[in-house]
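**Student:** We have chain A; now place chain B onto it with these hints.
In the order they appear, the protein sequences are chains A and B. Numbered by my numbering, the letters in the first sequence go through residues 12 to 109 in order. Numbered by my numbering, the letters in the second sequence go through residues -5 to 559 in order.
Simulated from the structure, these hints should not be mistaken for laboratory data. In this text, a Cβ means the ideal position worked out from N, Cα and C, and glycines have one as well.
Label pairs and their calculated CB-CB ranges: (1) A:I101 - B:R489: 53 to 63 angstroms; (2) A:M82 - B:I386: 35 to 45 angstroms; (3) A:D106 - B:Q355: 54 to 64 angstroms.
Residues from chain A shown here face chain B by an in silico Cβ test under 10 angstroms; the list is partial: (4) D47; (5) Y50; (6) Q52; (7) L57; (8) R63; (9) S68; (10) Q70; (11) R73; (12) A74; (13) L76; (14) E83; (15) Y94; (16) P95; (17) I100; (18) V103; (19) D106.
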Amino acid sequence: MNSKGRSLADFRLAILAFFIFLVLFIYSSLNLKNVDLGYRQHELLLAEKTLRLEIDSLQARRAELLNLERMEKIVVEKLGYQYPEAGQIIKVIVDDNE
Amino acid sequence: MTMNSNRQGKKRFFVLSIFFFIWIFMIAFKLFNMQVLDYTTYMAKVKAQINRVEELHSKRGTISDRNGEILAISLLSKSAFISNKDNALSLVVFKKICALLALGNSQKINVVKRIRRGEKFIWIKRKLTDEEYLQVKALTLSKDAAGTIDFIDEYRRVYPQKKIASHILGGVGIDEQALGGIETSLDTEIKGRGGKLKVLIDARKRIFQFKYIEQPVTGRDIHLSIDAALQFFVERELAAAVDKYRAAGGAVVVLSSRDGQVLAMASNPDYCPENIWRTPLPVLKNKAISFLYDPGSTFKIVLAAAALENRICSLGEMFNCHNGVYRVKDRQITDVHPFDRLSFEDIFIQSSNIGAACIGQRLGEEKYFQAIQKFGFGRRNGIMLPAEENGILNPLAKWSGVSLAFLSHGYEISVTPLQMAVAFNVLASGGFFIRPNIIMNDTPGGSQARVLSAANQRRLTEILTAAVSRGTGKKAGIAGLEIAGKTGTAHKVKRGQYTRSYVASFGGFFPAHDPQVTVFVMIDEPQGLHFGGDVAAPVFKAITEKIMLYLKLFPDMPGENEIRI
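With the rest of the complex left out, here is chain B:
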C-alpha cells in the first residue's frame, strides 16, 4: 500500500514537473522571442508608447529699473484653439465663446470660414488673461463643448508700469519677437534659448523618467539704469508741456552727472508697450536718440568751451554785437535783443548770435571742428538702444564761407537730444566726455575722456549759472538752488529748408557747484510761445523740482524754512 502510494506520488510529481518545465519553457521561449528575435518590433512599439519629446519654451528675461522695480516680465498664459473634429459642434461652441471674449468682427468671420472649410487647427485667441482663460475653461468642461476647445501654453509679455519708459523698453509681438527698444537691442540675450526634454511616460501618461536633449536657457534679466519714479515724473511734465504748447512732440534726457548713467529718457508722443504692434511708426520713434534738429543756442556751450580751451578769448573781453544785425557774406545773422557791445560772458548769458559768430570767426574752422568732435557730435553715443542717429556734422571740406558763423550759434549741424545732454554733462562731470549708458550691468561710467580743463569747466559753469539767474534761462531758476543752464531756440529744417517752425530746448545741471544731475529738454514745434527760455526752461524747472524732492537734493534754504534740532 505504502509502495503503491509512493510510486503514484512520484508519478504525479513527474507529470507536474513536466507541465511545469513546459510552462517555463513556453515563457522562456516567448521572452526569447520578444527580447531577441522580435526585439526591434517590440522595442519600437514600447518606444512609441512611452517615449515623448517635449519642447521647452524659453522665457524672456525680466527687465527692471535701477531699484529692481519690474518694467517687463513674461508670464505663462494659455492660448485657445479649436481642434475642429465636428464642424457643426465647433460653430456652436465658437458662438458661445464669442460672448465671452472680445473678438474683432473680421476675426470672427475668419474663424467661422475656417471652421466651415474643415481646418483642424484654428486659433481663437492667443495669450488669454487669467480671467478669460477661466471663462473659456469653464465652457470647455461642459458636456456640449467637450473636446472642441484646447489650450497651448505660451509666454505673455507684461509691462506693469504701462506707458512708463515705453520708448526705452520697446515691446514684443504676438510670437515674442522683439519690435523695438531694449527688447530689440538686447534680444539675443533677453530671449534665451528653448530646449528639448525626452520623457518616458507610463500607461497613465505620467512621466517617470526624463532627460534633457537640449537644456533650455532662460533669457538674461536686464537692469536698466533708469529710475521708474523719475521716468514717471519726467514723462508727465513733458506730456503736460507738449499738451500746453500744442507741440508736435518732445524729448527729455536725464543723466547722472558723475557717471553718465541715464536716469530717465522720455519721448513724446508715447505708447503702451503691450500694444506696440498697433502703434503708428512715427509714435514709435524715440525722439531722444532719433530726432535730428539744429540745436540753436544750446550749442554755444561748445563754442564757449573751445574758445576758453584754445585761449582765444579772455573773460571780460568785449565784443561788438553790431546792434542786432550782422552780415556774413550774403547771409544775415540777427539777435532777438539787439546789443551794441557785450562781454565774452554776456554773449552766452544773453545768448547773442552775433557775438557767438564773432567768437567763432576768431576761433577758426579747424579748432572749432575739433572741439565739436570732442563733445561727441557727428557720431552715435553707442547707447544700447536701436535707431540711434549719428547726427549730421559736415566734414571741414564741405564747410561754406558762412558755416563757421552759423555753427557758432547752433545751425548747419544736426544733433539728437541725447547728444546735447551728453555735451552738457561734459561741463557737469568736471570736463569729461562720458559715454552714456542705460544698462546697470555695464561698467559704470563707460569710457571717459577729458575735453575741458577743470579751470575752464568752472568758468563755463559760472557763465551758465548766470544765464539762469539773470540771462535767458530765468524761468528754469529755483530759489536757493544753483542751476547752470542754457536756452536754445532754432528754426526747424523741413525738406532741406529752414521753416517758421521752431524747436525749443534747455539744457542744464544742478547743483552747479557739485553737479549731480544733468537734464536736457527739447520741445518740437511749440505753438504760441516758441523760445527755449519760455517753453523748455519751465519744463526743466518742473522736472528739477521733482528730482530734488526725490533725490533729496534740498537747496540751501532761506532761514525761515530751516529747523535745527
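With the rest of the complex left out, here is chain A:
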C-alpha cells in the first residue's frame, strides 16, 4: 500500500471515529438534556403545588379575617357603628328629569 492509499484509509478511519463520536455526543447530550428537563419539570410541578397551597392558605386567611362575627365586632365595638333602627333609614331618590 502506498502512502497515498494509507493516508486515505487513515482519513476514513478518522471520519468514522468522528461520526461515532458525534452520534455518541448527540445521544448523550440529548439524554442529559432530557434528565435536566426532568429535574426542571419536577421543580415546576413542586412550585405549582406550593403556589396552589399558598393561594388556599391565603384564601382561608382572608375568609377568617372577613369572618362576619369578627367584622361586626370591629364595626360595632371599635368603630362605634350601629344598625339603623326604624325611621333612621333615608331613601334617596335621584330624579332623572332634572
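**Tutor:** Positioned in the frame of chain A, the structure of chain B alone reads:
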C-alpha cells in the same frame, strides 16, 4: 539508528495497542455482562434505588356561598408521629412535646404506653396548626431529638366562618370522612380521588423523571345558594329568640321567592363544623329539614288555597264560628278568641280554628288531600342535604271522622319547616310549587308546577297581608313594607300524644305586591309566651329588617325620610 528507533516505536505501539484492546475488551465484557448476562439482577438493583411510587392525596373541594365567600376549604398540614427507634429517647422527647402541644391526659398515657411497648409508629398529634408545626419542628431540629419525630402531609378541613351554616356544611372527621351536611350528601363529588405518581430519583434523592400511574382528581368546588351574611343575621336572630324564650331550639328558612333558592337555613342549637365529631347527636340535627311537628294555623294557607281553587267559598262569605267551641264527633275544637260569625277572609286573618274546620268540611276530604299533596307535603323536597324527612301525611283511607276538621287547622299532619317555607313560597312565586335548591351549580328554579291560579294567589296574598296589618301577625309588621304572613301555634306531639308544650311559627313573604324573599320561622317549645304571633312573628320582623337593608329592599318611606336629588 533510525531503523532501530522506528522498529522500537512500532513495537511500543504494538504493545500499547494490545493493552488498549485488552482494556477495551474488558470494559466491553463487563458491559456485556451487566447489560445482557446479568441484566435482570442489575436492573432490579437500579429500579430499587431510583424508582419510587408516591401516593398523591386528593384535596376536598372548596365550599363557598353564592358570592364566593369561602365556607369550607382544605389546607395542607403536618401530622406528627414518633418513629420509635430508641424507647428512652422517645420518652424524653415526648415529654418536651407535651409542654408544646395541648394533649389530653388519656392521650399522653396512651402514647407513653405505646412507646414502652416498643411500637414503631405512634401518632402524637394529627393536622397540626402552623404554629404547632413550627414549635415541634424546632424541637426536632435539636440534636437531642434528631430522628425521633417525623411528619406526614395531610389535608385539614378549615371552616373560616366558624359556626355559620354549620348544619348546611356538616363537617368531616379526622380522616376527612364526611360526617354530615353537604359534606356528606355531595361527598363523592367533593372528595375527589387520590392518585399515584411513579418517580425516578437520583443519588441525592432528587426526582428527575415522573409519570402519573393514576392521575389525581381534585374534589369539585361547590357553590351554595346561601348568602353567608344573611345566614349570619338569621342565625343570630334565631339564637336570640331561642335564648329569650328558653326554647328547646328552632329553625328558620329563607328562600328566594322567584326561583326557590335557599338564601339561608338556620337550625338551633348549632355547632362548630371543625368539632363535629365532638358534637352530641341531637345538636347535629338540622331542624329545618329533620324536625317534624304539627304546623297548626300556618297550614291554613293550604286550606284557603284549596277552597279558592275549588270555588267552594267566595270572598266575604260568612261562616258560623260557634262562639269559640265546636264539637266534631267526640272531639272538641276551640278558638283562642271566640267569634260568633266571621267572613272567609277573617277566618284566616283572625286564625279561627272553628271557621277553618267548617271550610274544610265543605271542601271534602279528597279535594283537600289533593291540595295538600300539590303543596308538597308528605314527601321530601329533595334538597341536597342528608336526613331530610318526608313528613307524615296519612293516606285518605286512614283518615278518621275528625281528620278533616283537624287537618283544616294544621293537626294530624307532620311537616318540616322547609316544607312550610316551600308552601308559603307557592303564594310568593305567583302560585307555583318550586322545588327548593341549595346548590348554585344546579339549574336555577328546579322543577315548577302551578298549584294556584294567579287570581287566587293575589286574593290569598291580600288575606295574608291583612293578617299582618290587622290580624294575628301584627308583630311581624314593618312600617311602609307590605308583608304577607300567617302565624301558627300548635301543641307538640310526644310519644304519640299532644302535650302542653308548643311549637310557635310564622311564615311570610315580602314585599307582598312583588315578593322577593320568603321566610319561615319555627321556635320549638318556647317558655312563657307560646303563640306564633308573640314568639315567631318578632323573629320574622327582625330578620326581615336585616334582609331589607342587606338586599336594599327599602319600604315605601313616609315623606320625611325621603330625599329627592
